[in-house]
Structure formats: C-alpha cells, structure tokens
Amino acid sequence: MTMHIVDRRLNPNQKSLENRQRFLRRAKAVIQRAVKETSKSRGIRDVLEGGEVSIPIDGTTEPRLRRGSGRPDMVLPGNKKFIEGDILPRSGEGSGKPKDAGEGDSEDTFRFVLTRDEFLDIFLDDLELPDLAKRRLAEAEHQGLRRAGFKVSGSPANLSVSRTVRLALARRVALRRPRPEAIEQLEAQCEACEDEERRAKLQAELDALKSKMRRIPFIDPIDIRYRRFETVPKPAVQAVMFCLMDVSGSMSEHMKDLAKRFYMLLYIFLTRRYRHVDIVFIRHTDRAEEVDEETFFRAPASGGTLVSSALQCMHEVIRERYDPADWNIYAAQSSDGDNSYSDGETTGRLLKDLILPFTQYYAYLEVSEPGGFANMPESALWTLYQRLCADGAPLAMRKVAERGEIYPVFRDLFQKRVGQERVAP
Amino acid sequence: MSAGVAAKGRLFEGADWDFSVLQRIHDACEGIALKELGLDVYPNQIEVITAEQMLDAYSSVGMPLYYKHWSFGKHFAHQEAFYRKGLMGLAYEIVINSSPCISYLMEENTATMQTLVIAHAAFGHNHFFKNNYLFKQWTDAEGILDYLNFAKTYIAHCEEHYGQLAVERTLDAAHALMSHGIFRYPGKKTLDLRAEERREQERRRHEERAFNDLWRTVPAGPGKTANELTIDRRRALLGLPQENILYFLEKSAPRLQSWQRELLRIVRHIAQYFYPQGMTKVMNEGTATYVHYKIMTRLHEQGRLSDGNFLEFLQSHTNVVFQPGFDDQRFSGFNPYALGFAMMSDIERIVTRPDEEDRTWFPDIAGTGDAMAVLRDVWANYRDESFISQFLSPRLMREMRMFHLHDDPAEPKGIRVEAIHDERGYRRIRRALSRQYDVGLLEPNIEVVDVDLAGDRHLLLRHQVVDGNLLNEADAKLVLQHLADLWSYDVSLREVDATDTVLKEHGANPRKLAAAA
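Residue numbers (the numbering used here), protein chains in the order written: chain A, 18 to 442; chain B, 266 to 782.
For reference, chain B alone in the conformation it holds in the complex (with noise of 0.2 Å):
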C-alpha cells in the first residue's frame, strides 16, 4: 500500500491518517510555503486532540494552560450544553501565537481536513503572527507559554496564602476592567515576559533579605503636604490622563497588597498579548485561508493529492468562506474568513491581472507581477483598519454589493442608504467599513483623568463619547463597583461629549468587604 503510494505520489490515500501521514503532510506543506510562498515561520509543534479537549481548550480562550477561575467554567458548561446538543461544531483547529508555534488538530479530522489545517493554521497563521508589525509589537511569542506557566502558579499560590475567595475577588475586577487594561500606543519597551517572570521573583527575594523589623520603629519624617503640588504637576506625577485603568490602578491604588498588583499585572499583560488579534480578525484569517488555498491547489497540481480528497478540501473551504447577504436568516455581520479571502485573492489578482480601474485606484501594485511580494509586505505592516482602507477594491463592493446605510435619530422615517456600490459610493463606503473595524471606535475611549490624593481620594473617570452612544448602564455600574472595591474609595465616571458636556455621571463606593482585604 505504502509502496503504490509512494509510486503515485500522492501524500495519502482515503481519509485515515496516522503520525507518519501528518509528518508528510508538514513537509509537503512547508516546501510549498517556504520555497514557492516565500513565508517565514516559527517552527511548528502539532498536537492531536481530543473532542473534549478542545471544548477544554476552548473555555481557556484557547491556551493550553491557563489559571483557575470560575468563569472558565462557565463558558465550559455553556459550550458543552450547546456542543452536546449537537447546536454547535467545533473549529477544526486552535492555533497558539508561540514558538514554537502550537496548532491543536482534532482527532476526528480526516486526511484531507488535517492537511487544509495544517496549511491554514502551521503556515498561515504562524507567518502572520511572526511578521505582522502589531504583534511584534505587542506579543512575545518565545516567553507567552512560560508566562502564563508563571500566572497559573502564581495565582495558585496566592490562593493559598490569602484564600481563594479574595483571589478571585481580586480576579473579577481586573477581568471586568480587563477591556481597559492595555496600552493603545507603543511605549519605549517591547513585552519581554520572560523577564515579567524574573522581575516578579527578583522582587520577593529582595523583600525577603531587605525584611528588617526595625524599619517599622524608626518615626516617619514629615512628609510633603500634597497641598504644595499643583493640580497639573500632581497629574504627571500619576501619569494622568491614564487609558490603561488596570494600570494605574497596578501603580496608584492605594490600598492593594503587592499580590493584588501582581494580579492585576498578570491580567494586563494577557490582554495585552490578545489585543492584536481582535485589530487583525480579516487580515488574520484571510491570510491564514489565502494561504491554505494556495497550498492545497498546489498539492493538487503536483498530484500529490487525488481529485476526490481535493473536492472534500473544496467543500470545506466553500462553507469557510461562505458569506451570506445582510437578509439572509445566517447573516451575522461581515465573515472574517469571506472577506479576508475575498480581498487577498483581489490583491493577487490586481498585482497580475489588473484592468483599467485598478490601475487607477492601485497604481503602485497593479501589474507589478509579484502577487506574493505584495501580499507578504500587506501582511506585514497592515491591521484591519488600515488593510480595507486602502485594498479594499471597486471591483470586490459590487461583487459583495455592499452598501452603507446611516441610522440618524434626527431622521424620523427611518434609515437612509448612504451609498451604494457605484462611483459615488465606492470611497464612502470603502471609509465606513473600515471605520468598523477601527479599533478606537470599537472599544468605548475611557480614562483616568483625576484623583483627589490630598482629599477623598475620589477618582474621576471620563468617557469620551462618539456619536452620543452612551454606555450599557447596567454594565458600567458593575464594572464601576468593582473599580471601587479595587481603588478602595469612591469612583465616578463622567461620560462627555465633544464639545466637554457631561451627558451622564455613574458612581460607585466600595464596598466593605474588598476594602477590608
């Protein structure tokens, strides 16, 4: 059997698989990635997984080991009710931004099912995530595992010198706040979290040789009243106008322990590591499929895969980019998959195949012949945003027929067209959509703009709000108790217009237990 394999040169036949098959798989997939594609990845780790697992995997965002906490669990049970019932399918894949890079493959997956997820996720994926500028920026794909090795055990830890109740506690609000605990804009450093780790260590051994009772006998000398400092100086001193309220509160609450910061630090740090995929969701997975397409068409050109396995491939790569109208019964929102796809088969096509329009719209790609060049350089330095503002083609909105609409409330009849796929529509609509991907309007713009040190301590947030859109009422007042009970005195946040009107005003006090911890 192997022989006749072998003779044809095909990489499999039927649908079983065994090691030495995903072993072909790999090597075939990579010569054609590396060699013809031209990508640059982290070395791949496979892993087999079970049904199970992977809901596992699932409830723990995806990573492979993750601290303890209850809402883990409540998405398990809330998966498992929806998977069991057979309401939902499981993704065929999970892949880890890491080196190496981790993808978990299903173990129900046929032949053809593991080489498509294998091309898609092991190259694709993996070149995105060691190249894009986001998350060279913001990630650490060599130190995440041994990060998350490090909070796992330090949480486990805490929660057995300070009890689990207070752990969680701790852990509720930073997760609340969790959607505000990332930095927007580059600082001076790249995240090495190798180094998070041996700081945190470095730091406890320091206190333990630096314990000496004496220093709590020796009288405090008389401090600097805080009314000498101005308002302004008293702003740079905590760093205000602060985004990143996990953050400030890590450096300036005032009555957190040092395993609360530490806490704090640990969710911050997560988040940040995911906050360059919720801006690349398009771009990432539109790669990820160009490139398995690209793959599995050449596999079938080479022979090494048989017409009847390529057709399997086909029907699922149909349903992965199936994009339903906005009135279908299905359609929920623009698929990521679809429109990825759509947009670098586009490009592909302007850069070696361009027409009059293209020429116009693209004249520094258009014609240049290198469709991989191209795509491998958008890859590199886009995100969502900036990638439709600038590819998205005249061509692809009549395709999808896309069009714009505007809900004015000052507009009684209802909601108007703005534009539609024609001359005057293209640039306008090109503008909304990739507005709908922007990052800054996604996330409500909150900040820590003042915190009366000398008096109250009363801390003043402020909402910029866009378009009058106010936030979730009953949400902002839980998210804001648990702000209180971790800056331990009383919150407000004023929600603002343009133009500095404050529209709404929420507060909170803590409550007595947190401030007791």
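Isolated chain A (complex conformation) (with noise of 0.2 Å):
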C-alpha cells in the first residue's frame, strides 16, 4: 500500500487568525473592561506590550442542552478500604470522597493572551482628536493620482506597451495576417521551383500575401493604449501637538510617572491613529526647551517654574513651523498647578492672545500626590484655566492623583464626541 508524507510546517500558520478576530469582535466589551482593569496595574511599557487578560466566560458561552449535576452511580477505580454497604459521608475531608469527576463548571474565567496590536486596538477604540478641520488648503496640494484603466490618447511616457502590444496581436489573428515564416517558407518554394506556370502561380500567391502584410499593420495606431490616471484628492490633514510638561523641582518623582504616562497614551494614540500628526515635545522648568521624544520621556531636569515660558516656546514654534491657517493645532499641557505668582498674568495673557484663538482643542492635565486633591486649595493654575474656561476657551481641564486614572481620563478627552460629526473624509 503506498503511503503519502506530506510536510505542512511551511504551510501559512495562524489559519485560525480569522477565527480569533472574530472572537475578538464577539466579546469586544467584555475584552475591552478587562483592558481596563489590566492597564490599571501594569507599568505603562508593559500595558502597550499586549498581553495576558482574562475575562468572565459568559457573553461568549457554548450553551447546550445537558444535565444538571453529576451522576448518582459512579464506579471508581483505586479502592483500598472499603467493603460494600460502607457509607461515606458526602462533604467533608479526609473521608477519601471522590472529587466530582468530568464536568467542569469550574471555569468562571476565560484566559488569553492579546498580541501586542490588537491589545492597542481595544486600548485606543473611539479614540480621536477633537473638531479636525483646515482641510482645505491641505487637499489642493495633495492631489494624488491613481491608474484608472487606459485611454487612447496621451504622453509617450504613458504607453502601455503589454497592452498595445496585446490589442496589436488580437488584431493581427483577426484579419489573419500572414506570418513572416509563412512569406519566407513560400520565397523559398518559389526559388525552387521548376516548372513556370507553377512558379507563377506561387509568385502570384508570394505578391498577395506581401501586399495583405503591408495593408494589416504589426502595430496600428488604433491598438496604441496609454495608462490612464486619474486625480483623486487626498485626504490629509495636517495636525501637530503639542506636548507642555512641568519638570520643574515642586514636581515629585509620582507626579512626573503621571504626567509621562499621560503623554505616552498621546504618543501611543497619535502615532498609530494619524499618519500625518507631528509632535512637538516642550518641557520646561524656569525656562523651556524644545526636546526630542528621548529626552522628554527620560532625561532628568529641575528647576523653578514659569509656565509662560513654555507657552512661549510653543508660541515661536507655531510661528516658525505650523501655519495656524494650515495647521490643526492641539496642546496637552501637564503641570502639578504650581505657577510662580509674577508669573500668573503673561500665562493668561499668552494663553488667551497667542495660543487659544489658534488651537482646535488645549487639554490641561493637572498631576498630584496620591489623595492630594481633597484638601488642597485650587493651584494657581487651576483657577487662572478655569476662568479662561468660563470665557468659552476651548479648554479641557482633568486632575489626576492615581496612576489607574489616566487612561479613564485620558479617554475622557479624547472620545468621540457623540452626535457631533466627524468632518467628512
């Protein structure tokens, strides 16, 4: 009998991709509040790496028809000591009651592991930057082009040699032109022939077939195609944020982790959401420097603190680099409220002339020990933010004391807005 190997390591794997797609879809809710809960716990790298959740089964149960509880006859195996007619006590230890043997309706969790983009799906789900618009000028300079079949008619650069060259031989079988092979096996017969009349008669046929090729031509103008392309406008928006962090001494190491955790959700979010955002990282103590994203998540600093400095900064980048007519323009600003008091008047004077009036949308996350909030006066900050709020600035103001309440209020500021359209795409 023949036998068969058959070697399927090099099959695709993850057949079962779709499946698990699926499975994630069905149980999207459930998924998504283990996430939550998970992402409360874990260090923030770790939160992004993906991993491990595990959900209550239910919402995605097999259900069937099947018995309540166990059997009431059972044989075992394994006696050692009793003898028929012995009874057992039902619950209790010791007295080698047999554990319930089979069904297991033990199982009240269902674990998994995510991978690492999936994870991020759920994490950022209806996530998305507030009143994008200033689309206009960006799409009349990004037109893109894109092939839309073939026309007759265009540059040289444009032939579409497979295609003419295809039409051209269609052409050629349809009104039979005579193969070259064909003319030369017949010159040939006409050399070496004999007799006259024959001759003739093949010079005859030689002259028809020559004439019928020069009438059918190899190419004809009416085969030629060129590429068709056509414009389609590209639907890119420009948008940077900002990102402000307080850096200053009166930040304690808890406040900074917030703060970073904060604007690593914005990284996270931005960087996978929008192809076209840029991000500007500012930090700032007493004075503010533009950083690279190293140094703003890791670099060490201290110092006093004036906030107008770094609005200022973010002011000469605005005017340097970021059009507001062109650009959308978001901020997220995270301080421990803390302001130096000289300070307080250039910060709402900034905010209010320079910063606001060209910002889609200004998030101002305001950092604390843990339980700082309770008996604390408003900061400095807080009430200059929230008398500009009043005026109707287009302000966010959240506080955060505990790392589990950044992703709850980071997704607080970046929902979608329910009801509001999203500007068509």
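Since the hints were derived computationally from the structure, they do not count as laboratory data. Treat the numbers as computed from the prediction; the structure is a model and nothing was measured. There's no promise every hint is true.
List time: in silico DSBU-like cross-link candidates among lysine-lysine, alpha-carbon distance up to 35 Å [as the list claims (entries may be wrong)]:
no. : chain 1 : residue 1 : chain 2 : residue 2
1   : B       : Lys401    : B       : Lys300
2   : A       : Lys98     : B       : Lys546
3   : B       : Lys546    : A       : Lys97
4   : B       : Lys401    : B       : Lys417
5   : A       : Lys97     : B       : Lys678
6   : B       : Lys333    : A       : Lys45
7   : A       : Lys277    : A       : Lys45
8   : A       : Lys218    : A       : Lys229
9   : B       : Lys742    : A       : Lys45
10  : B       : Lys417    : A       : Lys45
11  : A       : Lys98     : B       : Lys678
Could you fit the two chains together into a complex? Lean on the hints.
Structure follows, in structure tokens:
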C-alpha cells in the first residue's frame, strides 16, 4: 500500500487568525473592560506590549442541553479499604469522598493572550482628535494620482506597451495577417520551383500575401493605449500636537510618572491613529526647551517654574513652522499647578491671545500626590484656566492623582463626541 | 552511517529523523500490522506539522479544514494561553477518520515517538475507523474532507450574500443544538457526503432553471384547513416525536430560508460524523494503544529498535496508560487509554492463557488461542457500553480495585458503597460501569413532541428525566432561546419523569432580530 508524507510545516500559519478576530469582535465589550482593569495595575511599557487578559466566560458561552448535577451512580478505581455497605459522608475532608469527576463547571473566567496590536486596538478604540478641520489648503496641495484603466491618447511616457502589443496581436490574428515564416517558406518554394507555370502561380500568391502584410500593419495606431490616471484628492489632514510638561522641582517623582504616562498614551494614540501628525515636545522649568522624544520621556531636569516660558516657546514654534491657517493645532499640558505668582498674568495673556485662538483643543492635566486634591485649595494654574474656560475657550481640564485614573481621564479627553459628525473623509 | 544502520537492521539511531526514516518506520510498522496482526487499514497519509499548527487543529476539532466561526477562535485563544504558560502539553498526534487516513505528526517528536505515533494512529486508529460497525454505519471516510470543503465554501458564500452576522446567528443556534442533531438509530441509508454536496448543487441549479416570475402572480388555491387533520395525523406528517431537533427544524421550521436550512444540515452532518467517536472512546484508544504496544514490542524483538529507544517508548507508554486512583490529586475519571489497553491485554490473556475463572466467565473465547482473531472481532462489533458489559473480567476489576458508589438523595448519612471487587460485586460493578458509557444516559433524552401548526405554532419539546436529574437551567434557557429564534415562534420544554408528571417547564419567545432574518 502506498503511503504519502506531506510536509505541512511550511504552510501558512495562523489559519485560525480569522476565527480569533471574530471571537475578539464578539467579546469586545468584555475584553475592553478587562483591558482597562489590566492597564491599571501594570507599567505603561508593559501595557503597551499587550499580554494576558482574563474575561468572564459569559458573553461567549456556548450553551448546550445537558444535565444539571452529576450522576448518582459512579464506578471508580483504586479502592483501598471500602467494603460493600459502607456509607461515606457526602462532604468533608479526609473521608475519601471522590471529587466530582467529569464536566467542570469551575471555569468562570477565561484567560488568553492578546497580541500588541490587538491590545492597542482595543485600548485606543473610539478615540479621536476633536474638531479635526482645516483641510482645504492641504487638499489643494495633495492631489494624488491613481491608475484608472487605459485611454487612446496621451503622452508617450504613459504608453502601455503590454496592452498595446496585446491588442495588436489580437487584431493581427483576427485579420489573418500572414506570418513572416509563411512568406519565407513560400519564397523558398518559389525559388526552388522548376515548373514555370506553377512558379508564376506561387509568385502571385506570394505577392498577394506580401501586399496583405503591408496592408495590415504590425502595430496600428488604433492598437495604441496609454495608461490613464485619475486625480484623487488625498484626505491628508495636517495636525500638530504640542506636549508641554512641567519638570520643575515641585513635581515629585509620582507626578512626573503620571504626566509621562499620560503623554505616553497620547503618543501611542497619535502615532497609531494619524499618519500625518507632528508631535512637538516641550518641557519647562523656569526655562522651556523643545526636546526630542527620548529626552522628554527619560532625561531628568529640575528648577523653578515659569509656565509662560513653555507657552512662549510653543508660540515661537507655531510661528516658525506651523501656520495656523494650514495646521490643526492641539496642545496637552501637564503640571502640578504651581506657577510663580508673578507669572500668572503673563501666562493668562499668552494663552488667551497667542495660543488658544489658534488651537483646536487644549487639554490641561493637573497631577498631584495620591489623594492630594482632597484638602488643598485650587492651584494657581487651575484657577487661571478655569477663568479662561468660563470665557468659552476650547480648553479641557482634568485632575489626576492615581495611576489608575490616567486611562479613564485620557479616554475622557479624547473620546469621540457623540452627535458631533466627523468631517467627512 | 546509513550502511551501519542497514547492517544492524535498525530503523534509526538516536532521536533524529527525516522523511526517508519516516517511510522506513511506516513500512516496518505496516509489515507487522498487516501480516502479523492482520489489520485492515485505509491508505495512510502522514503530515508533519508544527506546534502552532497543532494548536490550530485543536481549535477546529482536529479537522484540517473547517468553516469560520468565533467559537473556534475562542478555543484557540484558550488553548494557546495554556500552552504558552506550559500548563498543557500538546498531543503527539491527531488522526482523522478519512480515506486516506490522515495522521498529523508533530515535528518536535523524536524518532521513537514518531514510530509510536505511526503505530498508534496510522495503524491502530486507522483499523478501528475502517472496521468498527458504528463508523461504517455513521461516517463516510471517503467523503468527509470534500464535504468539509464544501461546507466551508458554502458558508463563506452565505456570509457574502446574507452578511456575517446573520450567518453567525444561525450557526450559534445550530451549534447550541448540535448535541441534539443526531440520529441515534440507523436509518434507511448510510451517509454519503459526496452525494450531499451534489444534491445541494443540483437543487440550486434547479431553482435557477425553474425560476419563473409568473408563478408569483398565480392565485393560491384554497388550502386544506389544518383543522381537518387530527393530532395523530399531524404528528405523523411532521415525523413526531423527533429526537433529532436540527433535522426537525431543517425540515419543518416555517420561516427559515433555504440557506439557513442548509446550514443546519451541515452542522447536523458534522455532528453525526463525530457521533461514533463519543461512543467508542475506550475502545478506540484501547485498540490504538494495544496495536502500538504490539508493534513496538515486535520491532524491538526483531532488533529494529535499539534497547535505548525501546525504553524511551516504554516510558511514554507507561505515562499514557497511567490510571490514578480515585483519591489521587490527578484523578479525573477513568483514563480511556488505561482502561482500553488493560481490557485488550486482558482479552489476549483470556484467549491464550485462561484460568478457571475465565473459563466460567468467558466460555466462548477462553483458550481459543488466536487472540488477534478475537480482538479483531471485538473491535468490529462493539462500542464502549457493550464492550465493557461483555468483556470486563473479574480479574481486571480486582487489579484496578473498582468499586461502585450510589448517591441516593433519600439517604441522609451519605453515599453508599454499593459493590466492591468481590464475588457479589463483579456483575453489579460491570453493569454500572457499562451504564456510565451508555450514550442514552450521557446526553439527556429530548424530543420534539408536538407543534400547533394551525394555531400559534407553539413548539413543544419533552425531556424524559432519568434518576430525577433535571437540565442545567441556565444553559437550557440559552439553548431554548436559540431554538425559538430558529423556529420563529414560542417554544417550550417540559421535563417529565417516567410517570409523565411534569417536573419543570421552560419556555422561550423568539427575538425580533432573528424573526426578521
């Protein structure tokens, strides 16, 4: 009998990927809750690596008709001391009561591992930048080209050789253009022929073929095709996010950690969701500087506090690189709320006159020690911003004291606004 | 090296293998299996797969191709988590009841393990699949892969036409009723899955050909009023009572579309295909384990396996047939490998070296001498329940120290030991253990008993309660909901005991969404 060996190891893996996605879609709500829980207890780096989540098994149950309790009769192996007629207590330790064998109802949670992408998708689901507008100018500049079939006229650069040759071949076949080989063969016959009469006949045939070949060109102008392109507007939206962070001495390690976590989320969110978002990192003490991502998240710094310096720096960057007419400008600021007394007025003025008029959205995150907001007066910045807010500035403010609050607050700030239509893509 | 191997007659040295070694192993096993054991097998196809592919196969009940459904993704996610944490090892092989018989071998296995697996799956299971009467009756090994392929394509096609959600809803409901989509008693004809596929295609072609918009305009004649039908006649027309709920819905549910009926049919066919496996766990594994033990021992005797490799085999074999006692932490019921292998070896002993006890208990086979002939007959003609009730010997009951517990709710003091492994107890233990494998008792006995087609189309089901054991309420509720969605009208389920007293009644109304589908 013949036997076949098939090596399946090189077959595409992840055959069950689609089933997995269907399962995730189905269990989405439960998983989302679980992801939120998970992200509270874990370091931000770990969170973003994905990982194991456990979800309650209901919601994805597969019910079937089955009996409720176990069977009354049971045969078991391994009897050591029982004899017929012994009565064993139903529950209780040590008496050798058999564990209920068979079906387990015990499984009340369901554990599995999410990949990084799946995790982030769920993690960042439903978030978006508010009021993403200002796309007119960008559109005018970004007319993309797309292939769209063929046309009969155009520039030689766009000549589609393969299509042209194909049509020509079809036409030659249809019109029975004589093949060069056939003519050569006839010519050879003609020369080799001794019989005069027959030779004349062959010659006539040859002439007819030759003239037919001349009449039917190898490539006719009607065969020629050019690649056709369509211009499509590319929905490229230009946006820039300013991340302003206070790193002064009054910020404790805990507060900096909170702020960094917040920006980490923001960073992940923006880089995953929007391809054309620029991010500008500004950190400040009593001086502000624009830094790169690495320095922003890692390098230590210390000093006094002048919030206006950061706003001034942001203003300069806007003036230099991001024309408010073309760019959607967003800013997220985090601070412990302390500001030197003399700086309050400058900050207010800068914000009101030079920043807020040009930003789509300005989020302010105030961080504190755990439980720090309870018995403290409102901070200087908070009071100031509240006043601006009351005047109708596009300003959102939240307070955060615990790690676990970061994600909810973040979601809150960037949640899709219900009832507010997105600008049509 | 290879010359040295050939000289010694060894199949392989060490743990490494390649495809020529696999071929050599297969041929050696085949020689023993066919000539010495007299097995009769489907042609073999051996497929080498990775651990991840093994996990893939796990989640789709071992089948190489299967339609898409979220529940398979769920199983995969669950098993993957366990596997990655090291809580669960993977099986060494999966074997499929098809012709050719496909065995999946893990690439991580050593050469000894591959030999074991080939002997176990490609000959043991393979012979059982081909010869056992249940598999002959209920499964179509030739057609199953084609049918699964058809099912996969058909369901994908339905998803394109009617939307993933609608298909998923129908499949969810069908899966919930899968355990009751089986004919338990053989019907007129055996299953021919290739014909199934052709039938569906022909029906579609016929519909396309016969479509004529004119029919829509023909006025319907006066129908026969249902009142004229007596209850008995009505039941007879609908084929009631009917234990195969999926079949009943496929044929009689008033508002299902034809693709939904076909989906129910697919799920029902697949359930039927797996039905014999549930009834022959002990026998199937027992056969395969006995066969691999025989083949491996012979290979060692012939000098084709080295002593070291044979010890490696013995170690995994011992792990496979380990039966912890009831009070052991690792105990989770009878290990079908252990019980099956012990019984097969015991039959061999009875046939070849019987004692007085065996001669009284098994006069038909004791001392007849040809163990393989008896075993082949057993493998062909029994299932777990009948196998145990016929062939479990007193000696094995003593060896495994079996005892029988009876939990009578009326007894306040506790659970009574009904029987132990002594003269008085042998027959009772054997009867109780065989009942434990009785399919009629494994699944609740539920039937469609009546439907009020003239009135509100209320569907009535009955659960015949055994030993006062009612259905799990939460699950019953969910399943009935699915059932009502498919039926599109109210459904109720009565649980009755032997005297027809109603112990409990469940009900469900169809959800709006499903009715609209």
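**Message:** What's the verdict on A/Lys97 and B/Lys678, does the C-alpha distance respect the 35 Å limit or exceed it?
**Reply:** 21 Å, holds
**Request:** Measure nothing beyond the straight line between the CA atoms of B/Lys401 and B/Lys300; if it is 35 Å or shorter, mark the hint as holding.
**Result:** 23 Å, holds
**Request:** Mind checking the alpha carbons of B/Lys417 and A/Lys45 for me, to see if they're no more than 35 Å apart?
**Result:** 25 Å, holds
**Message:** Between the alpha carbons of B/Lys333 and A/Lys45, is the straight-line distance 35 Å or under?
**Reply:** 18 Å, holds
**Asked** Are the Cα positions of B/Lys546 and A/Lys97 separated by 35 Å at most?
**Response** Given that 35 Å is the threshold and the Cα spacing comes to 27 Å, the pair holds.
**Message:** For A/Lys277 and A/Lys45, compute the direct alpha-carbon distance and say whether it is at most 35 Å.
**Reply:** Cα-Cα ~28 Å, so holds.
**Asked** Regarding the pair B/Lys742 and A/Lys45, is the alpha-carbon distance no greater than 35 Å?
**Response** 23 Å, holds
**Request:** Assess, step by step, whether the Cα of A/Lys98 is no farther than 35 Å from the Cα of B/Lys546, and give holds or violated.
**Result:** 30 Å, holds
**Asked** Is it true that the CA of B/Lys401 sits at most 35 Å from the CA of B/Lys417?
**Response** 24 Å, holds
**Asked** Is A/Lys218 close enough to A/Lys229, meaning Cα to Cα at most 35 Å?
**Response** 17 Å, holds
**Message:** With the threshold set at 35 Å, check whether the alpha-carbon distance from A/Lys98 to B/Lys678 stays at or below it.
**Reply:** Roughly 19 Å separates the two Cα atoms, so the pair holds.
In the structure shown, no violation is registered for any of the earlier numbered hints.
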